Structure formats: C-alpha cells, structure tokens
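Asks: Chain residues, written in single-letter form:
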Amino acid sequence: MSSIFKLYFPSLFFFFSLAPWVPVVGLEIHAQISSNSKLFSGSQVQFAAPPNSLVSFFDASLPGTLPVLNRRCVEAAVMTGLALNCSINKKSLFDRKHYFYADLPAGYQITQQRVPIAVNGSLSYSLCIDNKMSQMVTKTVRIKQIQLEQDSGKSLHDDTRSQTLVDLNRAEGQLRVDANVSVHHPGEPYGVRTEVKNINSIRFLAKAVDYEIQRQIEELESGRTILNETRAFDSKLGCTVPMRDKEGKQDYRFMPEPNLPPLILYDAKSLPANMNHQQVVNIDWIHERLPDLPSVKRAKLVERYGILPEHSFTLLNEDGLTEFFEDVIKQTQMKPKKVIGWILKDLLSYLKQHSLKVKESPVSSFLLADLLNRLEEKEISSTAAKQVFAELWKGEGKTPLEIVKEKKLQLIQDQKDLEQICQAVMAIKAGNRKVLNKLIGLVQRETQGRSNPVLVKQLLEKKLSE
Amino acid sequence: QRCLSLIKSTKFLNAYITVAEETALKQAEESEKRYRRGQPLGVLDGIPIAVKDNFNTAGIETTCASNMLKGYISPYNATVVQKLLDQGAVLLGKTNLDEFAMGSGSTDGVFGPVRNPWSYSRQYKEKYVPKSHSEDKDSNWVITGGSSGGSAAAVSSFTCFAALGSDTGGSTRNPAAHCGVVGLKPTYGLISRHGLIPLVNSMDVPGILTRCVDDAAIVLGSLAGHDPKDSTTIQDNFKPFELSNLTDVSKLSIGIPKEYHAPGLSSEILALWSKAADLFKNAGAKVIEVSLPHTRYSIVCYHVLCTAEVASNMARFDGLEYGHRSDMNKSTESMYAATRREGFNDVVRGRILSGNYFMLNQNYENYFIKAQKVRRLIANDFVKVFGSGVDILLTPTTLSDAVPYTEFIKEDNRTRSAQDDILTQAANMAGLPAINVPTALSERGLPVGLQFIGRSFQEKQLLTVAKWFEKQVKFPTIQLEEVKRHDHGVFQHQKSASFL
Numbered sequence: 001m002s003s004i005f006k007l008y009f010p011s012l013f014f015f016f017s018l019a020p021w022v023p024v025v026g027l028e029i030h031a032q033i034s035s036n037s038k039l040f041s042g043s044q045v046q047f048a049a050p051p052n053s054l055v056s057f058f059d060a061s062l063p064g065t066l067p068v069l070n071r072r073c074v075e076a077a078v079m080t081g082l083a084l085n086c087s088i089n090k091k092s093l094f095d096r097k098h099y100f101y102a103d104l105p106a107g108y109q110i111t112q113q114r115v116p117i118a119v120n121g122s123l124s125y126s127l128c129i130d131n132k133m134s135q136m137v138t139k140t141v142r143i144k145q146i147q148l149e150q151d152s153g154k155s156l157h158d159d160t161r162s163q164t165l166v167d168l169n170r171a172e173g174q175l176r177v178d179a180n181v182s183v184h185h186p187g188e189p190y191g192v193r194t195e196v197k198n199i200n201s202i203r204f205l206a207k208a209v210d211y212e213i214q215r216q217i218e219e220l221e222s223g224r225t226i227l228n229e230t231r232a233f234d235s236k237l238g239c240t241v242p243m244r245d246k247e248g249k250q251d252y253r254f255m256p257e258p259n260l261p262p263l264i265l266y267d268a269k270s271l272p273a274n275m276n277h278q279q280v281v282n283i284d285w286i287h288e289r290l291p292d293l294p295s296v297k298r299a300k301l302v303e304r305y306g307i308l309p310e311h312s313f314t315l316l317n318e319d320g321l322t323e324f325f326e327d328v329i330k331q332t333q334m335k336p337k338k339v340i341g342w343i344l345k346d347l348l349s350y351l352k353q354h355s356l357k358v359k360e361s362p363v364s365s366f367l368l369a370d371l372l373n374r375l376e377e378k379e380i381s382s383t384a385a386k387q388v389f390a391e392l393w394k395g396e397g398k399t400p401l402e403i404v405k406e407k408k409l410q411l412i413q414d415q416k417d418l419e420q421i422c423q424a425v426m427a428i429k430a431g432n433r434k435v436l437n438k439l440i441g442l443v444q445r446e447t448q449g450r451s452n453p454v455l456v457k458q459l460l461e462k463k464l465s466e
Numbered sequence: 001q002r003c004l005s006l007i008k009s010t011k012f013l014n015a016y017i018t019v020a021e022e023t024a025l026k027q028a029e030e031s032e033k034r035y036r037r038g039q040p041l042g043v044l045d046g047i048p049i050a051v052k053d054n055f056n057t058a059g060i061e062t063t064c065a066s067n068m069l070k071g072y073i074s075p076y077n078a079t080v081v082q083k084l085l086d087q088g089a090v091l092l093g094k095t096n097l098d099e100f101a102m103g104s105g106s107t108d109g110v111f112g113p114v115r116n117p118w119s120y121s122r123q124y125k126e127k128y129v130p131k132s133h134s135e136d137k138d139s140n141w142v143i144t145g146g147s148s149g150g151s152a153a154a155v156s157s158f159t160c161f162a163a164l165g166s167d168t169g170g171s172t173r174n175p176a177a178h179c180g181v182v183g184l185k186p187t188y189g190l191i192s193r194h195g196l197i198p199l200v201n202s203m204d205v206p207g208i209l210t211r212c213v214d215d216a217a218i219v220l221g222s223l224a225g226h227d228p229k230d231s232t233t234i235q236d237n238f239k240p241f242e243l244s245n246l247t248d249v250s251k252l253s254i255g256i257p258k259e260y261h262a263p264g265l266s267s268e269i270l271a272l273w274s275k276a277a278d279l280f281k282n283a284g285a286k287v288i289e290v291s292l293p294h295t296r297y298s299i300v301c302y303h304v305l306c307t308a309e310v311a312s313n314m315a316r317f318d319g320l321e322y323g324h325r326s327d328m329n330k331s332t333e334s335m336y337a338a339t340r341r342e343g344f345n346d347v348v349r350g351r352i353l354s355g356n357y358f359m360l361n362q363n364y365e366n367y368f369i370k371a372q373k374v375r376r377l378i379a380n381d382f383v384k385v386f387g388s389g390v391d392i393l394l395t396p397t398t399l400s401d402a403v404p405y406t407e408f409i410k411e412d413n414r415t416r417s418a419q420d421d422i423l424t425q426a427a428n429m430a431g432l433p434a435i436n437v438p439t440a441l442s443e444r445g446l447p448v449g450l451q452f453i454g455r456s457f458q459e460k461q462l463l464t465v466a467k468w469f470e471k472q473v474k475f476p477t478i479q480l481e482e483v484k485r486h487d488h489g490v491f492q493h494q495k496s497a498s499f500l
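Going line by line, the protein sequences match chains A and B. To convert, note that position 292 of the first sequence is 292 in full-length UniProt numbering; the numbers rise steadily by one, no gaps. To convert, note that position 25 of the second sequence is 25 in full-length UniProt numbering; the numbers rise steadily by one, no gaps.
Hints are computed from structural coordinates only; laboratory data are not their basis.
Only pairs whose alpha carbons sit at most 25 Å apart, straight line, appear in this in silico SDA-like list of lysine to any residue: (1) A:LYS407 <-> A:ASP370; (2) A:LYS144 <-> B:ASN361; (3) A:LYS97 <-> B:ARG325; (4) A:LYS207 <-> A:SER222; (5) A:LYS335 <-> A:SER382; (6) A:LYS416 <-> A:GLU376; (7) A:LYS97 <-> B:SER202; (8) B:LYS229 <-> A:PRO256; (9) A:LYS97 <-> B:MET335; (10) A:LYS269 <-> B:GLN235.
None of these values were measured; they are calculated from a predicted model.
Can you build the whole structure from these sequences, using the hints too?
Replies: Here you go:
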C-alpha cells in the first residue's frame with residue numbers, strides 16, 4: 001500500500017463576473033510518500049512495477065493479517081506537517097472507512113479521519129499579477145489537516161473482454177486531487193458544493209477549478225441550481241461532467257482501527273529516557289533536519305547574490321534550477337546578477353522550448369560557467385556567447401573554446417583590423433555623435449558580433465573627432 | 001500415531017475439521033530423530049497439538065467452519081502456529097468451531113456440531129435417566145460449549161496434549177468448563193493475533209486448552225511475547241515461567257464479585273462457587289465480596305462492539321481475492337451479494353447487519369460510542385477492585401453445566417450467546433487474563449468449572465493460584481469406556497483404543 005496524505009485547503013479568493021460571486025475551493029490532495037515500503041506492510045513501492053508483483057499478504061487482505069505502521073511514512077508526514085506550519089498531534093488515531101469496491105480488498109481503507117497526525121497549518125505563496133514579474137502578491141491558504149492514509153488498489157478495465165483486473169501494487173499516481181467548489185454572493189451563506197474527483201496534475205487542477213467556478217456561476221445566473229454531486233474532469237474536453245453515482249450518498253461507517261494503537265509522537269521534552277530511539281519518532285529531531293523552506297531559500301538567494309526577489313521565485317519553482325545557478329556561480333568570476341540573466345533568459349527558455357527538466361539540460365553548469373568565463377575575460381562578445389550557447393545546446397560534446405575557434409567567434413582585438421572596418425563604416429555614414437551607438441551596432445553586424453564594443457566605440461569616437 | 005488413531009476412533013465427536021495425518025506423522029518422525037540425537041527443540045518437541053480452524057496454517061486448510069473459506073489454504077502460518085512448529089510440536093489438525101467463532105455451542109459451523117466427550121463418559125451415562133422409553137439412546141449427547149468446542153473436545157478426549165482456541169467473549173473458557181479442561185484466556189496483547197482470523201480485533205486473544213494448569217503455563221511460555229507483525233502486542237520480551245506449588249495462601253486476597261451472581265445461575269454452581277470461596281478462606285486466604293457495578297451493562301455493550309467489528313472484518317470476504325465466489329456474474333455488486341449470501345450462515349449475516357446498523361452515521365454516537373464508554377467503565381471497575389488490594393477474582397465460568405444438543409438448539413444463537421458469555425466477556429472487555437479450572441461434576445455427571453480473573457499481565461500469579469485450586473478440588477478424570485462401544489458400533493473397521 002502506498003501512503004497518502006490529504007491536505008485540505010479551504011481557500012478563499014475572489015472572482016468577479018457581472019455580479020460579484022465568491023468562490024470557495026477546498027482541495028483534498030493525495031500525495032504518495034516517497035518511501036521504500038508501503039504504509040502498513042513491508043512490501044516495496046516502485047513505479048511501474050509489474051502488476052501484483054509487490055503485494056504482501058496484508059496488501060491482499062488475506063484473513064488474519066494485521067497492519068504494521070511504517071516509521072518512514074510517519075516521519076514524512078511529520079516533516080510535511082512542520083513544513084506547512086501545522087500543529088503536530090502527539091497522539092493521532094487510525095480509522096477504518098468502509099465501502100465495497102473491487103480494488104479495495106479489505107472492504108475498508110485505513111485512514112485518519114478523527115484525529116489526524118497534523119492539523120491547522122498554512123501555506124504562503126506568491127503569484128504575479130497580470131504576468132508581470134515585478135508585481136508579486138503573497139497569499140495564504142489554510143490547511144485543515146494532514147492524514148496518513150492507505151492507498152486503494154488500481155482497477156484496470158479490459159473493455160474488449162469486459163473484465164476488470166485489479167493491481168494491488170496500488171495506485172501509481174504520485175498526486176491526485178479532489179476539489180470541492182462552491183460559489184456564493186458576499187455576505188450570504190456558502191453555496192451548494194460539488195466535488196471534482198481524481199484530478200491528476202496541477203495544470204488540470206487549475207483548469208478544472210476555473211471551469212467549475214464558471215459553470216456554477218452560469219448555472220446560477222440562468223436561474224438553475226447546483227446539485228451536491230461528484231463530478232469528473234475530462235481533460236480532453238477541458239470540462240467537468242457528472243459522475244455516475246447510482247449508490248446515492250455513501251455512509252462510510254467510520255470506526256476506530258482496532259489493530260493499530262494510537263500513534264504517539266515525542267519531542268525532546270516528552271521523550272522517555274528508556275525508549276529505544278529506533279522505535280520512536282521525535283518531532284524535534286525531524287524539525288532540526290528540516291531543509292530550508294522555499295521562503296527562507298528565496299530570502300537567502302536574494303541576500304547572498306543580490307538578485308531580484310522575483311528571480312528567486314523562478315529559481316525555486318524550477319526543480320534543480322537553484323542548484324544549477326549556484327554551481328555556475330561557483331565556477332565563474334561573473335557576477336551573480338549577470339549570471340542570473342543567462343540562467344533565466346537563456347537556459348530556462350531553451351529548457352521550456354524543448355520541454356526538458358533542468359537535470360536533462362544538454363548544457364551542464366560546468367560548460368555554461370566556462371562560456372561565461374570567456375565572456376567575462378572578453379574573449380568573446382555577449383552576442384557571440386549566445387551563439388556558442390546555441391551550439392552547446394546541440395550537445396555534441398564540444399567545449400566552448402572549440403566552438404569559438406570553429407566558428408571564428410573570438411573577440412577581434414586587433415586594432416588595425418577594426419580600424420579598417422570602422423573606416424569602411426565611416427565611409428558610408430558621416431560622423432554624428434548621436435548615431436554613434438548605431439554605428440557600433442553596424443560594426444558589430446559587420447563583424448558578426450566579434451568586435452570588442454569598447455574598442456569600437458573608442459575607434460569611432462576617434463574617427464569622428466578626426 | 002496413537003493420537004491419530006484416537007482421533008479416528010473419536011471421529012463421531014466431530015472435534016476435528018481437518019486431520020493433517022501426513023504432515024503430523026512427518027513432524028513426529030523428525031521430532032523422534034531430534035530426540036535420538038539428543039537435540040530436541042524445546043519442551044514442546046514431539047508434543048501433539050491441535051489448532052482451532054480459525055488460525056492460519058500454511059498448507060493445511062483453514063475454513064473457519066464456513067462455506068466462505070471451505071478449501072482455503074493459507075500461504076502463511078499464524079505466529080502462534082509458527083512458534084509451536086518452531087519448537088517441534090506436532091500439528092495434528094484443525095478443530096471445529098462455530099462459523100467464524102460466532103457462537104457459544106460449537107453447533108453453528110458448516111461441518112456440524114461438536115459432541116461433548118463427557119456425553120460418552122461412564123460418569124454421565126450412569127446418572128442419565130431417559131425421560132421416556134421411546135427416546136433415542138443416542139440423542140442425549142450434550143454440547144461442548146463454544147466457540148472453541150472442537151479444541152476443548154480434542155483435549156478432553158485425549159486426542160492431543162493441548163489445543164489452541166480463541167477467546168473473544170469466553171470462547172475458550174466456556175467450552176473448557178463444559179468439557180472439563182483448563183481454558184486460559186491470556187491478557188490482551190500478550191500473545192500475537194497475527195494469523196488468527198478475527199472476530200473482534202480489540203478483544204480476541206489466542207486461548208490455550210490443556211488438561212492441567214501446568215501444561216497451560218508451558219504452552220503460554222512458548223507463545224507469549226512481542227510480535228512485530230501484531231502492533232498490539234507488548235513491547236517487552238516474555239519470560240516463560242514454571243509454576244511453584246503454593247503452600248501458603250494466607251497472603252492472598254480473593255475477591256468474589258457479587259454481580260456474577262447473575263440471573264439464571266444454577267443453584268448447583270452457586271453452591272460450588274461458595275464452596276470454593278470457603279476452601280480459600282479455610283486455607284487462610286482473605287476472601288472478600290467485591291462489586292463491579294457496571295457488569296450488568298457489559299453483555300449488551302459487548303454485543304454492539306462485537307457486531308460492529310464483525311461487520312467491518314467480514315467486509316473482505318467479497319469473493320474476489322480468495323474464498324467462495326458465487327457464479328452470479330450480472331454485476332460486481334450482485335456477485336458480492338450472492339457470494340456473501342451463499343458463503344455466510346444466518347448468524348454471521350445477522351451480526352454483519354446489526355453491526356453495520358450500529359456504525360451508521362446517525363447511530364454511531366448512540367450505540368458504538370456509548371458502548372465504548374461503558375467498556376471503559378467496566379475496565380475501570382476491575383482497576384478499582386484490583387487497586388483495593390484484591391489479587392484474584394473468583395467467579396463461575398458458566399451459568400449451568402452443558403445442555404443436550406436437542407435442548408440447546410431450541411434457542412437462537414443470539415440468545416444463547418448472551419446467556420453463555422455473560423460471565424466471561426467482561427474479562428475480554430477489560431483485556432484481563434482469566435482461566436477456567438475444572439472443579440467438580442454436576443448432578444448429571446457433567447463437568448463444571450470456575451473462573452479466576454487476574455490483573456493485567458499477571459499470568460504467573462493467576463496460574464499459581466489456579467494450580468493450587470486445581471490440586472485442592474481433584475477434578476475426576478473422564479471415564480471414556482463408552483468410546484469403545486461407540487467405536488465398535490460406528491467404526492468397526494478401526495482398531496479400538498482404550499483409555500485408562
């Protein structure tokens with residue numbers, strides 16, 4: 001069984017159409033804990049493992065088997081709780097939630113309904129208004145609870161043979177979200193809510209919630225009512241549709257799980273001296289080992305490297321980008337403020353264009369640093385550097401130096417050469433200080449960006465003053 | 001060997017569902033080799049043991065006496081079974097019970113009722129007066145009690161040295177009382193439940209049935225202790241103990257809980273109970289009347305909690321992964337329904353239905369939560385009494401001696417269970433250790449036992465006192481001459497066995 005936690009985000013934000021409507025959105029987020037074995041059994045967790053290959057007797061709900069809680073999962077839940085500013089319950093309980101379904105072999109799911117491991121947290125996040133990076137707004141969502149939950153199995157429907165097969169390795173999706181949505185007028189009670197189930201990506205979540213808000217507003221504004229129903233998001237059509245729910249309202253008949261004693265967590269103060277430390281989970285110990293949270297990381301980046309706050313967001317939002325940035329910094333003399341431009345404008349846009357992750361980048365931090373060093377040493381111009389970067393992206397194993405040589409992109413330092421070129425330019429354009437920059441541009445064009453702009457400027461000034 | 005032939009000759013008792021003849025002989029052979037080498041695995045090496053058919057046994061069918069699991073062969077051994085095998089014990093077979101251990105007569109299993117060996121004893125036959133001449137001579141056999149009736153009968157009829165039962169509301173102590181054997185229900189959490197097919201997880205414990213208290217202590221010693229596969233077991237390791245012969249009981253304080261003078265308690269048992277109290281008093285022990293005021297609410301709360309957990313535990317039997325599956329294939333839901341209708345008997349289905357009712361959103365507070373609160377009060381009653389200096393409680397185990405099968409089935413399972421568990425289930429509600437010690441024969445020549453209830457995890461003290469008591473009462477040995485006659489009548493092709 002993989003392990004799941006739920007985060008409830010009863011969030012509130014405003015949305016205006018003709019009449020003011022306030023949508024209320026609550027999310028139930030099922031996230032798989034990255035652990036080696038399942039929440040209640042010793043079976044392994046492995047992505048895309050052959051069906052039913054990682055199933056213990058407990059996973060198959062054989063009679064007489066009992067759940068045994070996985071310590072790693074508890075620690076992960078505590079860590080998440082701390083990261084999300086929750087209060088950690090030193091005593092939490094497990095419950096059984098009953099329903100019949102083919103991929104739920106026990107007929108119930110072990111979860112934490114009544115007293116979950118962590119409650120009352122919050123998550124602050126920033127977003128930019130009108131896509132302008134300079135206008136960031138910070139918002140906060142409230143987190144109702146984090147609970148440890150056993151995952152159900154996975155039904156695989158074989159339509160041609162009208163069979164359903166069940167894989168008890170359990171669901172492989174790493175993220176699954178159910179969104180509860182309602183709309184109401186300010187000052188009035190909350191509207192009837194619908195639940196959009198089984199959304200499996202952040203992008204679809206945003207689409208589903210936006211669609212559902214819009215749909216509810218349209219329904220209400222045309223005088224119809226909202227049904228308290230379960231809906232599904234159709235990612236192809238980009239809309240939500242009612243789910244077939246012939247059973248009517250389910251009564252899950254929650255009861256305490258009698259085979260798991262209350263989960264007791266300790267802190268430095270309450271930790272009994274004679275306890276085996278392998279057997280207890282110490283909240284303070286986990287707290288100390290908590291990595292920097294994103295807000296702290298961002299502040300550190302701004303402070304350490306003098307980059308803009310909005311750039312720190314972009315660095316952190318892309319998995320591995322901060323590390324890449326810092327690796328480049330370590331290997332180059334270029335100032336971080338200049339490096340960040342290369343990271344965000346060049347590297348990131350290439351990655352986006354090719355839908356690659358940072359770790360898949362064909363240009364390593366070493367190669368980029370090498371390139372930036374050549375730019376910094378004025379061996380090449382920045383225009384040439386961009387060309388070298390484009391070549392490096394091809395991933396042909398060439399070093400920046402090789403590319404520079406091959407493409408003849410060295411910065412032209414030879415005064416005579418430049419003088420000749422400038423002369424030629426001057427012949428076309430009569431001197432005028434105002435067009436100096438334009439002239440520099442022309443020289444650059446003539447030299448395919450290889451001329452040292454400072455030198456060109458000096459030369460042109462000299463020529464003009466002649 | 002000899003046990004196996006005894007099992008055959010007592011087959012009419014219906015104590016066993018499965019006899020594992022081949023594996024048992026093999027295990028016995030291995031054990032003999034070990035003894036010849038002088039390297040036995042432990043005290044239980046070579047000892048024949050029977051196991052109730054709701055414990056998982058790898059390679060041997062585990063049925064719970066239900067159509068649902070007929071033919072089901074588990075891929076693993078219950079922890080207690082594994083521990084027995086690891087110590088060289090010979091697993092003779094799986095014993096009969098009420099379906100999924102739901103009952104108090106061992107009459108409601110799919111393999112038919114278990115017959116009490118005492119029905120065929122000289123002691124019973126001598127006292128029995130037929131009501132009419134027309135009455136069939138064979139129809140007066142009495143029940144074993146339950147639900148571990150098969151295990152109790154197996155021990156009582158000498159087919160094994162010891163047997164495992166399970167005890168949720170009295171399922172080990174009740175048949176022990178009716179079959180004249182020792183039945184120990186250990187403290188909840190002392191013995192692993194891993195592999196015991198659950199009735200009520202929060203009350204189930206593996207039970208031990210033996211012919212004397214010393215044997216029970218030996219078996220307990222080999223089973224008790226932490227099991228990483230059962231999170232409700234104690235963390236500490238358990239140290240096996242040998243029972244000393246108590247010579248002085250003057251420091252002992254025996255409590256007589258007045259609430260156990262329950263309606264329906266036979267005058268015979270009442271008299272025996274007070275005789276036993278006098279026995280302690282005369283030996284110098286302090287005997288005091290105590291009160292456990294919430295006792296009378298216990299059985300109804302037990303019913304609510306039991307059925308709720310039953311409803312939950314039985315949900316896994318849906319015909320998909322294992323066990324019976326109906327041919328009905330119109331839809332998954334109709335397959336579930338047909339499978340469960342065909343697989344479970346009325347008793348099981350009745351308990352599932354009421355359990356689900358108690359767990360419904362609108363009823364949960366009024367039934368389940370209330371019952372849990374009362375359970376806490378019952379446990380606190382015991383805590384208070386033991387806190388006041390009482391060491392052991394002495395009570396009857398059953399209201400009367402065993403009744404004939406024909407009488408027993410006149411009442412339904414629910415009524416019977418409510419009557420028969422009344423004196424035993426409170427110990428399960430509180431998780432306390434309790435033991436039935438066979439005490440005397442009734443006027444009808446049937447065994448009657450008394451129950452000792454001890455403090456949590458104080459098995460040593462409980463068993464020491466029980467052993468002292470056992471020595472004083474000198475419970476008679478069963479005279480099973482009748483088996484011979486029956487043996488010739490029913491199984492003429494088999495060699496007869498004789499008992500001493």
